[in-house]
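Add chains S, G and V to chain E, keeping to what the hints say.
Number of protein chains: 4
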Amino acid sequence: MSKIKTPIVILNFKTYLESCGDSALNLAKALESVQEETDIKMVACPQACDIYRIKNETFIDVLSQHIDAVSPGSHTGSTLFEGVLAAGIDGSLINHSEKRLTLADIQAVNQQLLDNDLISCICTNNVETSVAAASFNPDIVAIEPPELIGSGISVSQAEPEIVEGTVDKVKAINKNVKVLCGAGISTGDDMAQALELGAEGVLLASGIVKADNPKDALLDLVSKI
Amino acid sequence: MSKIKTPIVILNFKTYLESCGDSALNLAKALESVQEETDIKMVACPQACDIYRIKNETFIDVLSQHIDAVSPGSHTGSTLFEGVLAAGIDGSLINHSEKRLTLADIQAVNQQLLDNDLISCICTNNVETSVAAASFNPDIVAIEPPELIGSGISVSQAEPEIVEGTVDKVKAINKNVKVLCGAGISTGDDMAQALELGAEGVLLASGIVKADNPKDALLDLVSKI
Amino acid sequence: MSKIKTPIVILNFKTYLESCGDSALNLAKALESVQEETDIKMVACPQACDIYRIKNETFIDVLSQHIDAVSPGSHTGSTLFEGVLAAGIDGSLINHSEKRLTLADIQAVNQQLLDNDLISCICTNNVETSVAAASFNPDIVAIEPPELIGSGISVSQAEPEIVEGTVDKVKAINKNVKVLCGAGISTGDDMAQALELGAEGVLLASGIVKADNPKDALLDLVSKI
Amino acid sequence: MSKIKTPIVILNFKTYLESCGDSALNLAKALESVQEETDIKMVACPQACDIYRIKNETFIDVLSQHIDAVSPGSHTGSTLFEGVLAAGIDGSLINHSEKRLTLADIQAVNQQLLDNDLISCICTNNVETSVAAASFNPDIVAIEPPELIGSGISVSQAEPEIVEGTVDKVKAINKNVKVLCGAGISTGDDMAQALELGAEGVLLASGIVKADNPKDALLDLVSKI
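Residue numbers (our numbering), protein chains in the order written: chain E, 633 to 857; chain S, 633 to 857; chain G, 633 to 857; chain V, 633 to 857.
The following block holds chain E by itself, in its conformation from the complex (with noise of 0.2 Å):
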C-alpha cells in the first residue's frame, strides 16, 4: 500500500514574487479547492516560511522545497529536517534542479523521510540518473530533463521516450516508485499524455503559480484526465 494516491500534481511554488506570504496562502487554498472538486490529489511546495501558515490554514499536503542533510546543531541559515517537520510538512522535495544535492546527501535526505514515513519526491535530469534515484527506494522520482524545463515544450511531444524509458527502468528496480514528468507539462494535454506514457503525475510551476487565476490552470491541467 502505498501513501501516494495517484495520480498527483505537486505544484512547486519555488520563489517567485507570486508566491510568497499571502499569496502562497492563496496557490495552496487554489489546490485545496481543485482537490476537494476534482478528487485529484495537489500537493503544495512552497518556501520554508510559508509551510506553517499552509499547513495551518488548509487542508493540502505540503512538501518542503528542499532538506539540508545536516544533523540538528551549529547549521545557522539551514534548512533543518525537525525544523520543517515541526512547521507541518509530509515530505520533502530532494535534489530539485536548483538545489542540487551530493549522491551521499540525496541518500541520507531520503532515508530520514522514509524513516519518518514522510514523502520522499526525488528529482533528476535523465534516465541514468533516475534508476540511481530509484535504488534508494524513494516515494517519488520526478525526472525533469533540463533541455525542457521552462521551455513551454511539451515532453510528451519533444521526448516521450524519457519518460517511458524512465517508466520502465524504475520500475524494473522498484514497481512502488512512481514516476513523475517534471517539465514539459503546461496543458490538460500534455498531462494526459505523460500519464499516458505511463507517468503518475506530475511536478510543475511557474505555468500554474504565474496564471492569472491559478484555480482555473489547475482545472485546465486535469481536465483530460
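One or more hints might be untrue.
Quick list of in silico lysine-lysine cross-link-like pairs, DSSO-like style, CA-CA up to 30 Å [said to hold, decoys possible]:
| hint | chain 1 | residue 1 | chain 2 | residue 2 |
| --- | --- | --- | --- | --- |
| 1 | E | 635 | G | 801 |
| 2 | S | 803 | V | 807 |
| 3 | G | 687 | V | 842 |
| 4 | S | 807 | V | 842 |
| 5 | G | 661 | E | 801 |
| 6 | E | 807 | G | 801 |
| 7 | E | 687 | S | 842 |
| 8 | G | 661 | V | 842 |
| 9 | G | 731 | S | 731 |
| 10 | E | 803 | G | 661 |
| 11 | S | 803 | V | 803 |
| 12 | V | 803 | S | 807 |
| 13 | S | 687 | E | 842 |
| 14 | G | 801 | E | 803 |
| 15 | S | 635 | V | 801 |
| 16 | E | 801 | G | 803 |
| 17 | G | 687 | V | 803 |
| 18 | V | 801 | S | 807 |
Sample of chain E residues with no beta-carbon within 12 Å of chain G, all distances over it, derived [as the list claims (entries may be wrong)]:
| hint | residue |
| --- | --- |
| 19 | 655 |
| 20 | 807 |
| 21 | 824 |
Calculated from the structure, these hints are not laboratory results. Quick reminder that beta carbons are idealized off the backbone N, C-alpha and C, glycines included.
Showing chains S, G and V alone in chain E's frame:
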C-alpha cells in the same frame, strides 16, 4: 538616528532541536519577557520556517538567519528576501560563519536590507574582514573569532584586542556601524566586559538556546550591565 | 576485458605538503618502482598542477583527483576534463569524500570518462550510494565508510560487512565494476583482508604519502598478497 | 616600489578548448613574444594543470586562476597554494566572477600571497566590492561589471564612471593598489580609453584566447598606448 537601540542581544536560534517549532516560539517569548523586564533590546534569529509564527505571536524583532542573493524567480529551496519579508522579518544576519557568502552576495543582500530600511547584521571573522564589511555601511558588524566559537572561552579574556581593534577600525570607517561580539560570550561578566571593550551588544546562541531555563540565562547575561 | 589490472593500489596524493611538486614526482617514482618490482598495479592521483610533470617523467598511470562537470568555456578556476586530458590523465576519481559532486555531475563526468575509454573511479560512503554509483557502470567503486576515514582502524576488523555487502550488491548490478576499499587500510594485513572480503584493490592516502619512506610503506602494503 | 610594472595585460586562459595543453603553451609564447616586442607587461592565467609547463618553457609571469583557502592536508581536488607555488606561480587571481569566494577566503588567500611576496589580483563586480577588496591591500583590483562580461560592449563607452569611480575610491584607500578593467575590453581603443580613465591595465580572456592569431590580437590591443 539609528534603527538600533543598544545595548542589544541577538539570539541566533541556529538549528538546534531546542529551537524548532514550539520551542522556537518559547525562546522568542523568553526574549520578549526579558526585554520587557529589563528594557534591553532582544532580537530573535529563528529558522526560516519559524519566522511567521514568532512574528504573529510575539512582539520581538526577528532577523532571518540567512538570505540568498537571488531575485524572485526559479530558485527552489533558496531563502528569498521577499519571502522572509512577507513572513515578517525586521532584518537579517548576513555571512554567518556557518553560512558564508561571497563578497558580491554580502554587498547585494546588505544593500537590499538597507534599501528596505531593515536591519543588516554582517558576521565577520577578524579585524580585516570587519573593516571590509563596514565599508558597506551595515547597521551591525558581529565579529566571531573562529577560535572562540563554541569554545566557552571568554573573548574579553582571550582576545580583548580583537574586539577593541574591530571597534576602532570599524568606527573609523563609519561611526554609525555597531560592533557586536559574536563568540566567547556566556555570562553576565562576559557581556559587561564586551561592552567595556566598545562592543554595543552580543550575538549568541547555544548558551541560551540550550539552557535549562533560557529566560534565566538571558537575565543573567544582562545582569551586569 | 577490463581496462583495470587487479589487485590495484590507487594512491591519493591529496593536498599534503609531502605531495607537492618535487615530492609529488618522488611519490610517483616510488609507485613506479614498486609496480616494477611486484607487478602489482599502482596508480597516482596527484594535484592537477602535478599531472603533466608526473606523466612526462614516469610511466605510472595517473588519475585526476577531481573533474568539474563543465564543458569547455568560461569556467575560470575549474578543473576541465579536456584540460587534465591534455596534461595526460588516464582517468579520474569522482565524488571523493572531500570533493562531493551532485548526482547529475557524477553521472556526467563518469560518462565522459567512459566515452573516452578512461578509468572512472567513483567514491562512495555506504552500501546504498555504492549501488547507485554502480548503476552508472564505472570501472571502479571505492567505498570509504566515513567513520573509518583517517581513523587508523582496519575496515576488515571494524566493518567487514560493509565491504562484503558492497561487493555483493555492486556485482549483482554489474560484475565488471571493481570494488575498492577506500578507508581503513594501513598495513599489509589490512590489504590482504580487504581482498579476502572481495575487494579488488585499495584507495589510500596519508599512510603512504606521509610515510618516512613511501616505497617501503608500499612494499609492506602489498607484502601479504 | 611596486612588484607590478604597468600598464599590464593579464590574460585569463579560462577553460577553453583553445587554452588546454599545447594550446596553452602557445598562448603563453604569444604573450612572451609580445612582451619582448613591446616592453608591455604580459601575464598568463592558465589552468592549474598547465602552470608547470608554461613556467618551464617560457619566461612569462603566471597567475593561478584560483586558490582554495585551505591549509595543506586532506582536501582532495582543491587547488592548494603550496601546490601551485611548487608548480611555479608568481601570484593568483582571487574571486574571479566564475569562481567567487567568501569574504573570509578572499582575505585569507590575499594575505597568503602578500606574505609570500606574490601578486594578488582580486576580481570585483562593482565600486562597493572594489572598495572592500582594496581594504585588504592587494596588488591589483580588477573590476568586472557583470553586465559587460562577454558582452563585446566597451566599458569606456558603456560605463566609464564605474572605472573612474573605482579608481578614485580604491586609490583613496591605498594608492598602491592598481585598478584593472576586467570586462568590456576588446580593441586597442578600448585599452587606451581604459588607461585614460585611470586603469593601469586590463584583465581579458576570450577576445585573445579565441582569436585566429592571438599574438596579432595582443599587438592590436596595446597598439594605441
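Structure-based check of each hint:
1. At roughly 27 Å between alpha-carbon atoms, residue 635(E) and residue 801(G) fall within 30 Å of each other, so this suggested pair holds.
2. As the CA atoms of residue 803(S) and residue 807(V) are separated by approximately 22 Å, the hinted pair is consistent with the 30 Å bound.
3. Note on residue 687(G) and residue 842(V): the hinted pairing holds, with a Cα-Cα distance of about 28 Å set against a maximum of 30 Å.
4. With a C-alpha separation of about 49 Å, the suggested pairing of residue 807(S) with residue 842(V) is violated against the 30 Å cut-off.
5. Distance check on the hinted pair: residue 661(G) and residue 801(E) sit about 46 Å apart at the alpha-carbon level, beyond 30 Å; violated.
6. Proposed proximity of residue 807(E) and residue 801(G) is supported: the alpha carbons are some 19 Å apart, at most 30 Å.
7. Among the hinted pairs, residue 687(E) with residue 842(S) is consistent with the structure: their alpha-carbon atoms are about 28 Å apart, no more than 30 Å.
8. Annotation: proposed proximity of residue 661(G) to residue 842(V) is violated, straight-line Cα distance about 37 Å (limit 30 Å).
9. This hinted pair checks out: residue 731(G) and residue 731(S) have alpha carbons roughly 18 Å apart, not beyond 30 Å.
10. A hinted pair counts as satisfied when its Cα atoms are at most 30 Å apart, and residue 803(E) with residue 661(G) does not qualify at roughly 49 Å.
11. Restraint check: the Cα-Cα separation between residue 803(S) and residue 803(V) comes to about 20 Å, which is no more than 30 Å; the hinted pair holds.
12. With a C-alpha separation of about 22 Å, the suggested pairing of residue 803(V) with residue 807(S) holds against the 30 Å cut-off.
13. Only pairs whose Cα atoms come within 30 Å are accepted, and residue 687(S) paired with residue 842(E) is accepted, the gap being roughly 28 Å.
14. As the CA atoms of residue 801(G) and residue 803(E) are separated by approximately 18 Å, the hinted pair is consistent with the 30 Å bound.
15. For the hint linking residue 635(S) to residue 801(V), the alpha-carbon distance of about 27 Å falls within 30 Å, and the restraint holds.
16. Taking the CA atoms of residue 801(E) and residue 803(G), the gap is about 18 Å. The hint holds against a cut of 30 Å.
17. For the suggested pair residue 687(G) and residue 803(V), the alpha carbons sit about 46 Å apart, so the restraint of at most 30 Å is broken.
18. Restraint check for residue 801(V) and residue 807(S): satisfied, since their Cα atoms lie roughly 19 Å apart, inside the 30 Å limit.
19. Every Cβ of chain G is farther than 12 Å from the Cβ of residue 655(E); the closest lies at roughly 30 Å, confirming the non-interface assignment.
20. Distance check on residue 807(E): its Cβ is at least 17 Å (rounded) from any Cβ of chain G, clearing the 12 Å threshold; non-interface status holds.
21. Distance to chain G confirms residue 824(E) as a non-interface residue, since its nearest Cβ pair spans about 29 Å, more than 12 Å.
Hints 4, 5, 8, 10, 17 from the list above are not met by this structure, while the remaining hints are.
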